[in-house]
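Peer 1: Here are the chains, one letter per residue:
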Amino acid sequence: MEFLNAFVAFSNFVIVPAIAYGSQLALGALGVTLIYGILRFSNFAHGDTMAFGAMVTILVTWWFQSMGINLGPMPTALLALPFGIAGAALLVLATDRMVYRFYRAQKAAPVILVIVSMGVMFVMNGLVRFIIGPDGQQFADGERFIISARNFKTMTGLSEGLAFRTSQAITIVTAVIVVALLFWFLNKTRTGKSMRAFSDNEDLALLSGINPERVVAYTWIIVAALATIAGVLYGLDKGFKPFTYFQLLLPIFASAIVGGLGNPLGAIAGGFVIAFSEVTVTYAYKKVLIYLLPESLEPSTLVQLLSTDYKFAVSFAILIIVLLFKPTGLFKGNTA
Amino acid sequence: MSISMRNITLFLIVGALIFGSGFVQGWNTALLILNMGLISAIMALGVNLQWGFAGLFNIGVMGFVALGGLAAVLVSMPPTTEAWAVGGLRMGIALLTGVATIVGAGNLYRRMAPGNKRTLAMIVFLIGGFLLFRFLFDPAVLAIEKVNPAGTGYLGGLGLPVLLAWPVGGLFAAGAAWVIGKTALGLRSDYLAIATLGIAEIIIAIMKNEDWLTRGVKNVVGIPRPVPYEVDLQASEAFLNRAASFGFHDPVMASTLYVKLAYAGLFAVVLVILLWLAEKALNSPWGRMMRAIRDNEIAAEAMGKDVTARHLQIFILGSAICGIAGAMMTTMDSQLTLGTYQPLRFTFLIWVMVIVGGSGNNWGAVLGGFLIWFLWVEVEPMGAKLMELITAPLNDGYWLKDHLQNSVAHMRLLTMGLILILVLRFSPKGLIPEK
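Keeping their order, the protein sequence lines are chains U and Z.
The first sequence begins at 1 in the working numbering and counts up by one.
The second sequence begins at 337 in the working numbering and counts up by one.
Just chain U, with the same shape it has in the complex:
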C-alpha cells in the first residue's frame, strides 16, 4: 500500500506532467528541426510563431464562446485550432515571401538567417503583444478533469490522489496523432519524400526536378501547424502568456539539439528527455520518500535537488553535456 501510494504520488506530480510537457516540447522541437533540415537555419522566431498561432486560436475561441458554440466536455479551443493554424501559416508564408526568400536566393550564410530570424522574432513578438496584450489569458473551458484526485481516492481507496487533467489527455492524444500524421506524410507522400530528399542533398534534389519553393512552402505550412498545436496545447495546460513562449525557445532548442538537429525522430526523443529531466530534478521528493522510507528515516526537508526556478538550467546542462560528448545529438542529426 505504501509503495502504491508512493507510486501514485510520483505519477501525479512527475510522470503525467512530464509526459504532457514532453509532448509539447516534442511538437515545438519538430518545427525547429524541420526548418533546420530544409531551410538550414535555427529559427529564433519559432517561440513567437507558437505564440501567434495560439493567439489566433484564442481569439477565435472567444468568438465561438460568445456565439455559444462549444464542444461539451472538450475545450472549444480544439474547434478553433484550424483557424489558428491557418493564421500562423499565412503569417509565416508572408514572412518567407517578404524576408527569408531574398536570403535564400543569395545563398546567405546560415548565421545571417539566424540574425534575420531575430528581427522576425521582434516583429512577431510585437504583433502578439499589440493584438492581445502582454498579460496572461485563460481560454480553457469544458471539463477540467478526466479523473480528479478525489474520485481517484474513492475509486482506489489509496490516500494519494492521481489527477488526470483534460488538457493533459488532449495534449498526449493530439501529439500522438500529429506525430503519426507527420511521419506518414514525410515517408509516404510524394511531397514528403521530396522534402526529405531536399533535406538530405539539396543539389541532387534540384537536379531531379524538385521545385524548391514548393518544398519550402510546404515546410512552412507544416511548421506553422506544429507550432500552433504546440502553442495551444501549452496554453491549455499552463495558461497563455506571450513572454513564456519566448522562454520556451531554450528547452525547445535543447530538445531539438539533444535529439540531433534535423532529425524528426530525435526531436521527439529530445523533447521527452528534456521534459523528464526538468521535472524529475526540480520535484520535491518528500512526499514520495515518506511513503517509501521507515518512519525513523523520513526526511524533514523537501528533498528537492534544485528549485523549480532552475528548470532552464537543467535543460541547458543536458544540452551542454550532449554537445560536449556527442555533438551530433542522440540520434544522428544533420551536421552540415
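Simulated from the structure, these hints should not be mistaken for laboratory data.
Since we're looking at a predicted model, the values are computed, not measured.
Heads up, some of the hints might be wrong.
Said to hold, decoys possible - When the alpha-carbon atoms are kept at most 20 Å apart in a straight line, the in silico PhoX-like pairs for lysine-lysine are as follows: (1) Z:K544 - Z:K554; (2) Z:K482 - Z:K554; (3) Z:K518 - Z:K596; (4) Z:K453 - U:K326; (5) Z:K771 - Z:K616; (6) Z:K518 - U:K326; (7) Z:K765 - Z:K721; (8) U:K287 - U:K153; (9) U:K107 - Z:K765.
Said to hold, decoys possible - Now the in silico label distances, taken between C-beta atoms and shown as ranges: (10) U:K241 - Z:V360: 34 to 42 Å; (11) U:I15 - Z:V608: 43 to 51 Å; (12) U:I15 - Z:L494: 41 to 49 Å; (13) U:K326 - Z:A638: 27 to 35 Å; (14) U:L204 - Z:I726: 48 to 56 Å; (15) Z:L462 - U:P327: 15 to 23 Å; (16) Z:R681 - U:M67: 48 to 56 Å; (17) U:L289 - Z:A720: 50 to 58 Å; (18) U:L204 - Z:P729: 37 to 45 Å; (19) U:A180 - Z:L431: 47 to 55 Å; (20) U:I15 - Z:I429: 36 to 44 Å; (21) U:L93 - Z:F762: 20 to 28 Å.
We put the CB at the ideal spot given by N, CA and C, even for glycine.
Chain U is already provided as a structure; the job is to place chain Z on it using the hints.
Peer 2: Just chain Z, lined up with the frame of chain U:
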C-alpha cells in the same frame, strides 16, 4: 575624405536628435537618453568585438550585463556583519566544496581511462559532491537570509568605492565568458548562440533566486554613488551660487542636471578609452588576424593561427566590456532590479545597435548604440502621437480606438524588428560600413 565627412554628419545628426529631444521634452530626458546611450554604445562595442571582429554569435549579453550589476552590489554595498558572522564561513566552505567537486570530476575525467568505469566514477563523485554541497549550503543560506530579511537578508558587499566595481564587473563577465567559451566555442555558430542564450537565462535565474547573494527580486537599492547627491548639492551654498551664475535658479533642476552631467562625463571617459583601445586593436596585426580568421577559418588555421584560442580570447574581451557596461548601468540606477533584465531589451536590442551601426566598425557600433537607444526611448511617444492621428476619425470610447491607443507601448518591439530586417535587407553593412 567623403566617408569620414559622412560619418561625422551621421554623428552630428544623432547628436542633434538627442539635443532636439532636450528642447521638446526637457533636458532631464535628453541627459537620460545620453547616459543610457553612452552605456549602450559600450555594450555595442563589446558585441561588435565578438561579432564584427571575429564572427562570434553571442546572444547572452544580458547575462554579462547582469554580472556587471552584481559586481556593483558586491563591491560597493556595506557588508552585513551579522550575516557574515552567522553564515559567512559556512557559505565559504560550501562554495569551496562545490568548486572542489567540479574540479575533482574534471581530474577524474582526465586521469582515468575512458570507459564505463570512468563514467560511473564521475557520476558517483558528482552526486556525492552535490549532496555534500547542499548539506553545507542550505543551513548557511537559511542563517544568512534570516538576518533582518526586510532590510538586508544577504551578505552585503565590501563597502569599497563603486568605481572599483566597473573593472570588477568586467572581470566577473570575463570569468563567465571563459567557462562558456571553453565549452561552447569550437562548436557550430548556432550552438554557441543557444549556449550563450541559455547561460544568460541561468545567470539571471541564479541572481533572482540566491537571495543570500543578491537579495533576489527584493532588489538591492541605494548603491553608493560616485557622484554627489542632489540633496547635498541643493544644501550647498557654493553650488547654488555657481548654478545661478550659469543662469540656473531652480536648485532642484540645477542639481539633477549636474548629477546627470557628472555621470555622462564618467561614462564618456570609459567610452573613449574603450573605443581607443578597440580602434588600436582593430588596426593592429592582431585585429587583422582576427578578421582573417573570421573571413576564412580554414585558411587562417593553415597559416598556423590557433583559431579556438583566438576566439576564446576575443569572446572573453567582448564579454568583459559588456560586464563593465552592466556595472556602470547599475551604478547609474544605484539599484539592482533583477526583474527588469529581459533578453529582448538587453541582448537583442544590443544586436540591433551593432547591425544598424555597422558590424566590424567600432564607430558604427557607437553610433548604433546612440541612435537605437534614442529610438527605443522615443518610439513610444512618437507612436502614441501617430496612433492618435490614425484613430482620430474613430469615435471616443470605441473599443478599437482604446485598444490601439493602449497598445502603443508594444510599438517599440515592432519598430526595432522592422529596422533590423530592413537594414539587413537593404544595407547589410550598416550605417558606417567596415573599412
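Peer 1: Decide, hint by hint, whether the structure agrees.
Peer 2: Verification of the hints:
1. Between the alpha carbons of Z:K544 and Z:K554 the distance comes to roughly 9 Å, so the proposed pair stays at or under 20 Å and holds.
2. Among the hinted pairs, Z:K482 with Z:K554 is consistent with the structure: their alpha-carbon atoms are about 14 Å apart, no more than 20 Å.
3. Simply put, Z:K518 and Z:K596 have alpha-carbon atoms about 40 Å apart, too far for the 20 Å limit, and the pair is violated.
4. Between Z:K453 and U:K326, the direct Cα distance comes to roughly 18 Å. Compliance with the 20 Å bound is thereby established for this hinted pair.
5. The suggested pairing of Z:K771 with Z:K616 holds, with an alpha-carbon distance near 14 Å, which does not exceed 20 Å.
6. Using a Cα cut-off of 20 Å, the hinted pair Z:K518 and U:K326 holds, with the two alpha carbons roughly 16 Å apart.
7. For the hint linking Z:K765 to Z:K721, the alpha-carbon distance of about 32 Å lies beyond 20 Å, and the restraint is violated.
8. A threshold of 20 Å between alpha carbons decides the hint, and for U:K287 with U:K153 the separation of about 16 Å falls inside it, so the pair holds.
9. For a cut-off of 20 Å, the pair hint linking U:K107 to Z:K765 stands: about 17 Å separates their Cα positions.
10. In this structure, U:K241 and Z:V360 meet the distance hint of 34 to 42 Å, their C-beta atoms being roughly 36 Å apart.
11. Remark: the range hint 43 to 51 Å for U:I15 to Z:V608 is contradicted by a beta-carbon distance near 59 Å.
12. Separated by about 48 Å at the C-beta atoms, U:I15 and Z:L494 satisfy the suggested range of 41 to 49 Å.
13. Judged by the Cβ atoms, the range 27 to 35 Å given for U:K326 and Z:A638 holds: they are separated by roughly 28 Å.
14. In this structure, U:L204 and Z:I726 meet the distance hint of 48 to 56 Å, their C-beta atoms being roughly 51 Å apart.
15. Hint check: Z:L462 to U:P327, Cβ distance near 21 Å, so the stated range 15 to 23 Å holds.
16. The hinted window of 48 to 56 Å between Z:R681 and U:M67 is violated, with their beta carbons roughly 40 Å apart.
17. For U:L289 and Z:A720, the Cβ-Cβ distance of about 57 Å falls inside the hinted range of 50 to 58 Å, so the restraint holds.
18. Under the hint 37 to 45 Å, the C-beta atoms of U:L204 and Z:P729, about 57 Å apart, miss the expected range.
19. U:A180 and Z:L431 have their C-beta atoms about 50 Å apart, which keeps the hinted 47 to 55 Å range intact.
20. In this structure, U:I15 and Z:I429 meet the distance hint of 36 to 44 Å, their C-beta atoms being roughly 37 Å apart.
21. Taking 20 to 28 Å as the suggested C-beta distance range, the pair U:L93 and Z:F762 conforms, at roughly 22 Å.
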